[in-house]
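S.K.: One letter stands for each residue in the lines below.
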Amino acid sequence: MTVVGEAKQQAERKQPAAAAASLPDLLYSEAESQLRAAVRALLTDRAGWREVLARTETPQSYDTGLWHALAADVGCAGLLVPEDLGGAGASYREAAVVAEELGRAVAPVPYLGSAVVATTALLSAGERLLLPDVASGAFTAALAVPFAAGPPGRPAPAVRIGAARDGDPAGTSRLTGTVAGVADALPADVLLVPADGVPFGLYAVAAGEAGYSAAPVVSLDATRQLADLTFDDVPARQIAAGDAADAAIAAALTAGAVIIASEQLGLAERCLEMTVGYVKERRQFARPVGSFQAIKHRLADLWVGVTQARAAARYAAACLAAGDPDTPVAVALAKAACSDIAVKAGQETVQLHGGIGFTWEHPAHLYLKRAKADSIAFGTADAHRASLARLADLPAPAQAG
Amino acid sequence: MLTSANPVTADDLRGQVRDFLAAHDHTAMDRLDFLRARFDAGLAWVHYPAGLGGQGLSRALQQVVDVEFAAAGAPTNKPERNGIGLGMAAPTILAYGSTEQKQRWLRPLWTGEEIWCQLFSEPGAGSDLAGLATRAVPSADHWTVNGQKVWTSSAHISRRALLVTRTDPDVPKHKGMTYFAVDMTAPGVEVRPLRQLTGEAEFNEVFLSDVVIPDADRIGAVGAGWQVATATLMNERVAIGGGAAPREGGMIGSAASTWREHPELRTPGLQDRLLRLWADSEVARLAGARLRQQLAAGEPGPEGSAAKLVFARLNQEISEFEVELAGAAGLRYADWTMRRPDGANFYGRDPGYRFLRSKGNSIEGGTSEILRNIIAERVLGLPPEIRVDKDVPWKDLPR
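Quick mapping for you: the protein sequence lines, in order, are chains U and C. For the numbering used here, add 1143 to where a residue sits in the first sequence, where the first one is 1. For the numbering used here, add 2 to where a residue sits in the second sequence, where the first one is 1.
Because the hints were derived from the structure by calculation, they are not lab data. Please read all numbers here as calculations on a predicted model, not as lab measurements. Note that the Cβ used here is the ideal one computed from N, Cα and C, for glycine as well. A hint or two may mislead.
[As the list claims (entries may be wrong)] Computed footprint of chain U on chain C; a stretch qualifies when at least three of its residues, placed anywhere within it, have a C-beta under 8 angstroms from a C-beta of chain U:
hint, segment
1, 101-107
2, 261-271
3, 275-287
4, 370-384
[What the hints assert, rightly or not] Only pairs whose alpha carbons sit at most 25 angstroms apart, straight line, appear in this in silico SDA-like list of lysine to any residue:
hint, chain 1, residue 1, chain 2, residue 2
5, C, Lys361, C, Glu371
6, C, Lys392, U, Ser1434
7, C, Lys310, U, His1440
8, U, Lys1423, C, Lys361
Required output: the full structure, derived from the provided sequences and hints.
M.R.: Now the structure itself:
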């Protein structure tokens, strides 16, 4: 049994937390802490920042070996997949804890794209053929939408549906078009592609098909390298159409925003730890620089921000896991709070490390770049706050004129 | 905590309250007699020891008792009038008071017959409380106190006060202090209102001139005043509890209502600020709920010190926003007349009052700067401030 399987059983035994108000449990369960420990042990062993940095300068920017260990050995690829489809039957709460750990390590693995975003799309679409292989880690999947796609609404698809060729198996369509700036597509074995036609649909494309190519992008965050995807009359199989396809894409983007918020939380927490450790050691004027109040107060404020962001991230994961009607508000709060704190943490890490923090040889820049890229992914903090205008009934001024 | 040796359950307590109510008809009894009887029955604060208004039970069980009494429409001890007494004086007396002091002070404190206040801050000792200068000089069986205290809430309605004094100027500042309870009606105690920038006087200055305090009213050992005062201040934070506030339950609620009711006041810039403040307020509410869940699960974290920083910042930013949103109306203020309210009331007042009163939120109960020092040192483990006054006798400190 995988660690996740054991964690799941313990989670079922755990009593529900006393709901003082009607808010869900915002703490970490024993099972979640065990899952965290297993992921952290693997990452400590195999994803030290020197290895992560070195990999960004190689053609293989994703660590597929690490991903397979995380996916299969720890069981992270199938967290969200029901047990009858080979998954762990866990929830977004556990998925969020894994993301925290991956954020701490800026680990170059397609967990978010495959185990969260694509898996959520497949689950929403009721697609059962691909899920067992995605859950086991045998296949890595990616949703072919720009990483920056967030509220409001789904991005307009740039891929069109064409007719099958003679000799294509029944049910085959052909897709043509491009999608720019897709995360976790480079290591993907299967792409889930929103495509326009009558009707609009979500299609599965095997990465080995002729006519499909993924061109690596020189990315701000080289630990999660984007790709520009080209589909040139590529055979594809429809997995959802019309409203069902729209719902699958919306669910996937919501899950992406929730889980990346936890990744941002873990990143911020690691930045804080790293910087606190450094300012205790680094001496200038014959004192640790961490003894200066200008430094202490900045780090205290960062810690305060992390405590706030943690509550928002846990609330969003709990809401999504329970299908809570407050999920849209929870997503906006979490993505806004965690985007802001992660970027702030990355910036403070560079500044408070001084000169060494500005070098290539120090990991600070890996965190800064991941934080800034994450803040744009699945919608910026501003975009998510703007969605609160509708969700919280705080309407905009009437148009002038 | 409940253990097998201590088998009183919530249901048992409900039964006790029903029995008590059957024997004591609050509609036919004097209010204070009713409250005294409730105290004597161990139903005042169940987590206090037997004989002192409680039964040595879990603090969490108190809610059960309060709910039962409230359902019966029984009179309360008006805890909102005696916040310092119940929240700070009582736990300090319980921890450091003598048996005789506990017997003498806790019952009238709990019933509200005796309101307590706190004489800690001085004009020359704010953030540096341990530098305080109010002197207590011993005689045979009493002490004579001279000095000035400030920022004392409720002093004008208090019967007793917690008081920290300097008793030994020849040792470093933390070592030469002694803690007392002082009778506010004693000769030489003068209370003057301290008018604040809102126009009213929530607080007082208290002048102590040759005030005689019996040695029997000393709390803790001579020279242990700092230790006792620290315990009192720690209890300031335990006051978290009760249920979580609802969404928009805080100051953001009035800003959001004004926004909805007055479309003519909206601008794009203000909307951007409001969305940010709304999101931050809601996240702060969730963080408060998470903190309560931690306490309930028996894993108290240091997050409480974050809550006060965030609360102060948000109250200030929201009220600044509200005054600006009000536009021309923001130029008016309800009333500058000197008044003496029972406490700060943020709601049901105009935005101008909230704007001014919230300036105190980052000063009172520990400034935001001191809180950041505390977080940096106690939570993050960063080096302490350099203390030039640590090993110097108090009398030799420059001032």
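S.K.: If you count the residues of the segment 261-271 of chain C with a beta-carbon closer than 8 angstroms to a beta-carbon of chain U, do you get 3 or more?
M.R.: The restraint on the segment 261-271 of chain C holds, since 6 of its residues have a Cβ under 8 angstroms from chain U and three suffice.
S.K.: Straight-line Cα separation of C:Lys392 and U:Ser1434 no greater than 25 angstroms?
M.R.: holds, 17 angstroms
S.K.: Do three or more residues from the segment 370-384 of chain C put their C-beta atoms closer than 8 angstroms to C-beta atoms of chain U?
M.R.: Holds: 11 residues of the segment 370-384 of chain C have a Cβ under 8 angstroms from chain U.
S.K.: Do three or more residues from the segment 275-287 of chain C put their C-beta atoms closer than 8 angstroms to C-beta atoms of chain U?
M.R.: Per the Cβ count (9), the hint holds.
S.K.: Tell me if the straight-line CA distance from C:Lys361 to C:Glu371 falls inside 25 angstroms.
M.R.: holds, 14 angstroms
S.K.: With the threshold set at 25 angstroms, check whether the alpha-carbon distance from C:Lys310 to U:His1440 stays at or below it.
M.R.: It holds: about 15 angstroms lies between the C-alpha atoms, which stays within 25 angstroms.
S.K.: Using C-beta distances, would you say chain U covers the segment 101-107 of chain C, given that this needs three or more residues below 8 angstroms?
M.R.: violated (count 0)
S.K.: Would you mind confirming whether the straight-line C-alpha gap from U:Lys1423 to C:Lys361 stays at or under 25 angstroms?
M.R.: Since the Cα atoms of U:Lys1423 and C:Lys361 sit roughly 33 angstroms apart, the hinted pair is violated (cutoff 25 angstroms).
Comparing the model with each numbered hint stated earlier shows that hints 1, 8 do not hold.
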